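**Student:** Residues per chain are reported as follows:
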Amino acid sequence: MSAMELAVSTGGRKTPAPKLPGARALVECLKAEGVEYIFGHPGGAVLPIYDALYDSGLKTILCRHEQGAAHMADGYARASGRPGVCLATSGPGATNLVTGLATAFMDSIPLVAITGNVARALIGRDAFQEADITGITLPITKHNFLVRTARELPGAIRAAFHIATTGRPGPVLVDIPKDVGLEEAPFSYPETVDLPGYKPTYKGHIRQILAAARAIMNAKRPLLYVGGGAIASGAHREVRALAEKCHLPVTMTLMGLGAFPGDHEQSLGMLGMHGTAYANYAVQNCDVLIAVGARFDDRVTGNLKTFAPRVEQIIHIDIDPAEIGKNVVPHIPIVGDCRTVLSVLLEKVKEKRHPEWWQQLEEWKREYPLQYPAAAPGEIKPQAVCEAIYEVTGGEAIVATDVGQHQMWAAQYYKVRHPRHFISSGGLGTMGFGLPAGIGAKLARPGKEVFVIAGDGSFQMNIQELATAAEHNIAVKVAIINNQYLGMVRQWQEFFHGRRYSSSYLGSLDFVTIAKGYGIKGILVTDPDDVRPALEEARAHDGPVVMDFRVTQEENCFPMVPAGGSNSEMLGPKGWME
Amino acid sequence: MTDRREHTLSVLVENRPGVLSRVAGMFSRRGFNIESIAVGTTEDPRYSRMTIVVLGDDGDVEQVTKQLHKLVDVIKISELDPAEMVERELALIKVSADRSNRSEILQIVDIFRAKIVDVSDRSLVVEVTGDTDKVKAIVDLLRPFGIKEIVRTGRVGMARGPRGVEGSRRAVQGLEAVGAGS
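Residue numbers (the numbering used here), protein chains in the order written: chain A, 332 to 909; chain B, -3 to 178.
I should point out that these hints are in silico values taken from the structure, not numbers from a laboratory. Note that the structure is a prediction, hence the values are computed from the model and not measured. In this text, a Cβ means the ideal position worked out from N, Cα and C, and glycines have one as well. Where hints are given, some of them may not hold.
Claimed, not checked - Where chain B lies over chain A, by a calculated footprint (3+ residues, C-beta under 8 Å):
{"no.": "1", "segment": "464 to 471"}
{"no.": "2", "segment": "642 to 653"}
{"no.": "3", "segment": "713 to 725"}
To be verified - Here are the computed lysine-lysine pairs in the BS3-like style, where the Cα-Cα straight-line distance is at most 30 Å:
{"no.": "4", "chain 1": "A", "residue 1": "K362", "chain 2": "B", "residue 2": "K66"}
{"no.": "5", "chain 1": "A", "residue 1": "K657", "chain 2": "B", "residue 2": "K130"}
{"no.": "6", "chain 1": "A", "residue 1": "K530", "chain 2": "B", "residue 2": "K130"}
{"no.": "7", "chain 1": "B", "residue 1": "K72", "chain 2": "A", "residue 2": "K530"}
{"no.": "8", "chain 1": "A", "residue 1": "K534", "chain 2": "B", "residue 2": "K111"}
{"no.": "9", "chain 1": "A", "residue 1": "K534", "chain 2": "B", "residue 2": "K66"}
Said to hold, decoys possible - Label pairs and their in silico Cβ distance ranges:
{"no.": "10", "chain 1": "A", "residue 1": "K530", "chain 2": "B", "residue 2": "G160", "range": "18 to 24 Å"}
{"no.": "11", "chain 1": "B", "residue 1": "G27", "chain 2": "A", "residue 2": "E698", "range": "40 to 46 Å"}
{"no.": "12", "chain 1": "A", "residue 1": "N658", "chain 2": "B", "residue 2": "I146", "range": "50 to 56 Å"}
{"no.": "13", "chain 1": "B", "residue 1": "P158", "chain 2": "A", "residue 2": "K636", "range": "55 to 61 Å"}
{"no.": "14", "chain 1": "A", "residue 1": "P640", "chain 2": "B", "residue 2": "G160", "range": "45 to 51 Å"}
Using the sequences and the accompanying hints, generate a full structural model.
**Tutor:** Quick look at the structure:
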């Protein structure tokens, strides 16, 4: 019997609700929410839940580390737009979720994390595998619940999904003591949630939208600056329509990649620390800046005092009122859902062209293109691998990345064409995110090719999830950009610490043999001529593949705005620009 | 930016375990300082009211208010206008006192309309209620006698007039200014 049937059967005729143990009730709640996969790892405190899952029909994915479970649920959510669900036991199981929850929180990803806890009578007594996980996750979840009785469990789960997926999305944790999973209580799945303190604003203020439309109409050098909020709200069509109607150049944050096609002639690519020079020049010279679902992060703005010095009007559209004025005080704030606001704004603006502004932008594009030094004979450039992945897939694959140089190169050279196709830890910068997130994405979108662009450092942080990919034959294609260094750390040490490479050299590792040990196909690539054939071989293989690309060891990621510097002062491969 | 001054926020929250730590945690995580915080249940036992005094400029307080609003357990926030509110705190002050100076202390207590709530041969406990300035004034006057201990409740505040604090205009306007209203 599904929860819906249960709920209906109790609704009309006032028959008493059937009694279910908490763990069974949880399963019915998850079914009612349409959950497909549960990413988790069992342990003592969640044994009742795992027992209820055993023949529930819900698909459980056994991750080899709870951090992997959180990132898989996260990748699933980013690729599908539906909430990801992860499950861990008490104590160490729950604390292992912490990095994954913080990652999802920083990037506003809808997750529901379920943790077991010790039995109620043992809480607070430092019992075996006890941790105060609701206390620990207070600052890294949108909200969390400690369920004290089986009776309140359905309401907590209903509220958790509601909070995770509405307004500004985010992770919600529900902590369930072991004996609550065993306790019987009448079950019915609530149709509504009672949260008097939670009312997200979706509709923007019309007066503000009209002011924004006027500013856009009067702009001489407008710029559309698009963040992850545009993807979360599904505003990609509206973003494109507005850009095309008003001839706006579009730049995206790392989280915003795919909200506007990267290969569109009006795309300036990514902005910020490792953004394109022309995107950063556009920011520094625009007169009207339209921020859509972006939060003026320090990696985007550089030094706030010198950010966008010629701007006359900043329009900031965001569903979270607290983002408005947090870093930059806008002239026209609009609190609301990006898609809802943009669709109204679209009606209020007229067609417009900006030939002079575009002439300037094209000049910057010609003069300061995204580029990297030519490879020496036999040398594989890391950027070339990212470019090759873009070319062989036509930009149609979902790409999940780890964190570091390879992540920035992927953002620069893989021109993301669709929303939810670039999956990366933006805010927290979590190494080890790529592989599990890619696995989650592949499960969410089985018809899509999924590439994981990994660093040799990052990859080892969740390498155990190769076992998960192998067990279910989840066909993620992992491209390790192997430079034998923690490349970004090494780059900063080169520039800012006199080339003292303190703890940044990793040495050589045989990833093909490691992959083989997990029962996964491995391909070693040391010759530039083998890059494309290796990618094609991996694409053709029915199952996961690990490709080990031995690239230039001491390559630097350019352009680069040194931390805290001004966006108009960028280092390029040939030194300081302008 | 405006000057830094004390702002009094009246915050209606769900009366649930952990709410105080959510609120206090938000302040410490975001680097805001709480000058004073007082919590108690309201006329409706489902809710508690917090009176929080924060030091900051208007921008800081706007950010504090917005961050508080993001907490699911926070239902309503109103900033109390200093000219339109009553604000009180209660302090218990244990003062050294013997036969020689007890009457002098009693005179001070009288002037401040405070009360003696405990007497021993070597001490008095004074209960005083008032705004922060009044409490400070009596503490300063009692100090020469030797203060052994002070306990303060923190400030509680309420808007003047017939309306409940829900009707306070400041907080509502604060949100409208950023386009939250629709």
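**Student:** Hints the structure violates: just list their numbers, smallest first.
**Tutor:** 3, 5, 6, 8, 12 and 13
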